[in-house]
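Asker: So the chains spell out like this:
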Amino acid sequence: MNRRSFSLFVCLVLIGFLNTAVCWDELRFYLRSEPKTFNPLAVADDSSETVRYLTGGVLLRLNRETQKLEPGLASSWTVSKDGRTITFTLRPAIFFSDGTPFTAQDVKYTMDQLMDPELRSPTGDSFRSDNGKVNCTVLAPDKVAIHFPAPIAGLDRLFDQVAILSSQSPKKEMAVLGPYYVSDYKPGSLVYLRKNSNYWKHDSSGRQLPYISAIKLEIQSNRDLEMLKFSRGEIQLINALDAEYFDRLATSSPALVHDGGASLDSEQMWFNQVGTAPIPAYKRTWFTSRNFRRAISSAVNRNDLCRVVYNGHARPAFGPVSPANRFWFNSRLQPIPFNQKAALRLLQLDGFQLSAGKLRDREGHAVEFSIITNAGNRARERMAIMIQQDLVAIGITVNVVTLDFPSLIQRITQDFNYEAALLGLVNDDLDPDGQMNVWLSSSETHQWNPKQKTPATAWEADLDRLMRVQASSMDNQTRKKYFDKVQEIVADQAPFIYLVNKNALTAISPSVEGAKPVVLRPQTYWNIEYLKLAVERASNGK
Amino acid sequence: MRSSILRRLLMVVITIVAGGLVSATLVRCAPGFGADERQLDSRLSNDTINAIQTSHADERNIVRFFFASVCKTLRGDFGVSRSLNRPVRQLLQERAAVTAALAGKGLALSWLAAALMIFASRFVPTPALGISVTLLSGALLCLPAGVLALLAILFNQPAYLVIALIVYPKVHRYLSNMVEAVRGMPHILTARAKGASESRVFLWHVVPVIKRDVLALAGVSIGIAISASIPVEALCGIPGIGQLSWQAAMGRDLPLLNNVAMLVIGCVVLANSGADLLGEEPRQSS
Amino acid sequence: MKRLRLAAAILACVLVLISVAGSFVPRFDYARQDREHVGSRPSSGHWLGTDDLGRDRFARLLQGTRISILLAPSAAVVSMLLAFAIGAVPGFAGGFAERAAVTAIDLVLSIPWLFLLLIVRAMLPLNTSPAASVTITFLVLGLLGWAAPARILLARARSVRQAEFIILARSTGIAPYRLLYRHVIPNLRPILLAQFWISVPIFILSEANLSILGLGVAEPLPSLGSLLRELETVLSLRADICRFAPLVMLVVIVSSLQIAVSGREVPS
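Protein chains in written order, with the numbering used here: chain R, 1 to 542; chain D, 543 to 828; chain C, 829 to 1096.
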């Protein structure tokens, strides 16, 4: 071999070594399903949202730890007094991952795309305050104003979900402003992200962020496999851990797991109150009775649900807002104690009688109903079985039916062919405006009786009024007053029987440094730019 | 022979089309068709939710949809998957080889194991071995596919081993009964009486008698292996046709399910027809 | 070998009788949740410990065995009868009947019946009793599980049709039903029996898998299949051997019955 060939050989070996070395600086965790889109504006599922969070550059970022808004691509912003206009001043000299410069024109382009009704974007719908058009005006290359037809409470925080697209790049949505970009995608297998060398953020010492060079997101829905791989060190994060797996990991390695306390999510059941539902009239009478619903709520042992199903990693829930939502939670709400005698007294007010172990209504019908929930969610299945057992004690027969998700959705949104349902509410938004469509009686997602032409009950009319009033106010204290009232009505009327607020359970490998797990999503990698891997620390000699 | 093959091919095509139509009809009539989990998203406006609900309008008339889909398929356009937002053709191309390899290896291993067990039983005909083999087959039949998949993951074993463990007890049970049934036949007794060795008796006198049954079993076992690949791929996270079909079923993704169903029907029908063809006795010309 | 078959038969019968009789004993309440002793080890109060909801494992094992061992063989008999009627009879008849049967069997083998099961679930009222739900499930399994054995029976029947002893029997003027009963069925019995022994555990497991569609046994009623599904998680792999009791029970019963009838499969 001559000298030139030998030098080439050595170079190739070194390159191979360096590439291998780069692979060590790789964060690995699982996506639980295939991402449906890489268009950040059309994101509606968890996996796509993960990719958006890691790759998207946003004007404002909600700090998941402090729950306060921070500047992002916008160095500053102002919201007009009437809540209809927001003006951003953009940071200078920022470039997309492909080198295209970032300007105010890109913000306008993004908003125009976002508000296109054909996109059917949940993010876009969050901005739809009225039927008018959203106008985005470029005031200067680094200044843009967005005007909405009606006031939007908490307008600025919505921009945490809006990843800015390039209006000029030929790569379209694949040119990003976030810390990472999608470098490889094997459908059904993995999404590979690499560090965006044009990322605008630097740490206090001036070093460009992020620290970690690459992120490998394998697509894997099997939670057993996820836990096994984590135990073996093959992945380094589990963002949402079930309670049983949490305890299993905690037994062997307590330092790896984190219980962040109550999350924003809740599990609840509700009765079908739709007037045209194909259920017997006498059952509709039960379900539309406040006393009946409150009695059921009293008869369910929430402490047992938390202890048995979640191994103590949950707390009883009594209202629509989790205590983790510090500002909006109504701390004056009284918890409903577990009291089956009180439940029977409430039922007696409506003419129900317990005889020979069976509860009957005033017409003599034995009280029996079914609860549907989605198959495959073991926690919900077990909660339904425990509720079944609790209600036996007051003479009620409950049939637990687990259905596949599409069948369940059809029953609760189209046919209304069900009696009671047990599902969970995933809450990413601190602001009650995010729940507007749950409380408005005309809404499709007013689950117990959706799409009402006029409110069916006085209390639902009150909910409509209060939610609209709080949405039109720009002062959070005023809004809180109204929303506290909403929570009181919901707790009193019990259209949803809230069961538990699950804790935010996560697992983080000790090789990941800088992780501060929180309750808001994404719990473990919300500060992805600042995370380091232990091997990287060794290579820096720190 | 040629006419027999042509007739069979025609039957295969008719079966695929009929099977595809029946499958599409079942999907269309099943509850949850047109349901989308986005309908539960409280961020979406009423208009958006209504638009989502009406987006399946072109699939409501199943006969029209199916035949339009078949015409497009013949032109190479397999449609777009609703649940994955990707061309169906691309999805099938990416995943078919994975499932073929998985099912193929699993099937080969299961037949090999079954054949070995039968050979062992014949050459070491002790009650202890017989009971052990029965218990092993029984235990494998009684173990859920999920448990087998989990054990494979735990012990870092390949997924095709799981397929083999699922298919083996069925193949073994049939094969051993077939072989046992022939054992007492007059020509076997005659061959033994004439001093033929066990292996000669087996290869020259037993196998020809059960050849047709074995071929039929082979055809059926291909279908069993393809069915077994669905839970195995779903549980082990293997991006094959099985995982795809499960996702499509749970998402009521009609364009994808239609094509996957016709692909599976084609494989099963071709396998069974091929087995029948191979098992046909050659006709004697006068 | 005869003694072994007798012992196996007795063991299987004893286990089935214990499960049937035991499930009527009030002490063994399969539904009661002892929430203070969730996931506990065996004790005098709970002989096999408790499950994740504090329910007595032994009681649930008895009840589950009773349900599954009575219903799964019934469903297996249904599928065998259908396999015989749709596979063996046309295979023996030949001609158009055979060709039609081949096409029908191939269709049924390859269609995704998952959606038919969803339709069945949608047609049932949500308040269907657990007993009715599990019975309907096994019936549906029996009605759908005939295709694979039918294919094999058809091939076998085709071979038998062309056998010399059949030609001889026909030449004596034997009636068709007698030909079928005396000469064809004995030659198909090995396949029918193989199918039966395969179907029983498969139906038991399939019934549990159908719970994802809302079919199958409804809580709190257990079945062997639903008890076996508890093993499908890495959390079940603790040092808690009692979790494997349903598996051991099923394997012992099925294998015992198989051994008990082995050796009777060869036609005389």
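Among the clues, some could well be false.
[Unchecked claim] Taking lysine to aspartate or glutamate and the EDC-like style, the derived pairs with C-alpha atoms no more than 16 Å apart in a straight line are:
hint : chain 1 : residue 1 : chain 2 : residue 2
1    : R       : 453       : D       : 589
2    : R       : 451       : D       : 583
3    : R       : 68        : R       : 350
4    : D       : 753       : D       : 822
5    : R       : 451       : D       : 822
[Unchecked claim] Computed Cβ-Cβ distance ranges for the label pairs, DEER-style:
hint : chain 1 : residue 1 : chain 2 : residue 2 : range
6    : D       : 610       : R       : 79        : 49 to 55 Å
7    : R       : 414       : D       : 614       : 24 to 30 Å
8    : C       : 833       : D       : 736       : 17 to 23 Å
9    : C       : 1013      : R       : 426       : 48 to 54 Å
10   : D       : 697       : C       : 873       : 33 to 39 Å
[To be verified] Counterexamples of contact, computed for chain C against chain D with all Cβ distances above 10 Å:
hint : residue
11   : 852
12   : 865
13   : 921
14   : 930
15   : 935
No wet-lab data here; the hints were simulated from the structure. Bear in mind the structure is a predicted one, so any value in this text is a computation, not a measurement. Every residue gets a Cβ at the ideal spot worked out from N, C-alpha and C, and that includes glycine.
Asker: For this structure, which hints from the list above don't hold up?
Answerer: Those not satisfied are hints 3, 5, 8, 9, 14, 15.
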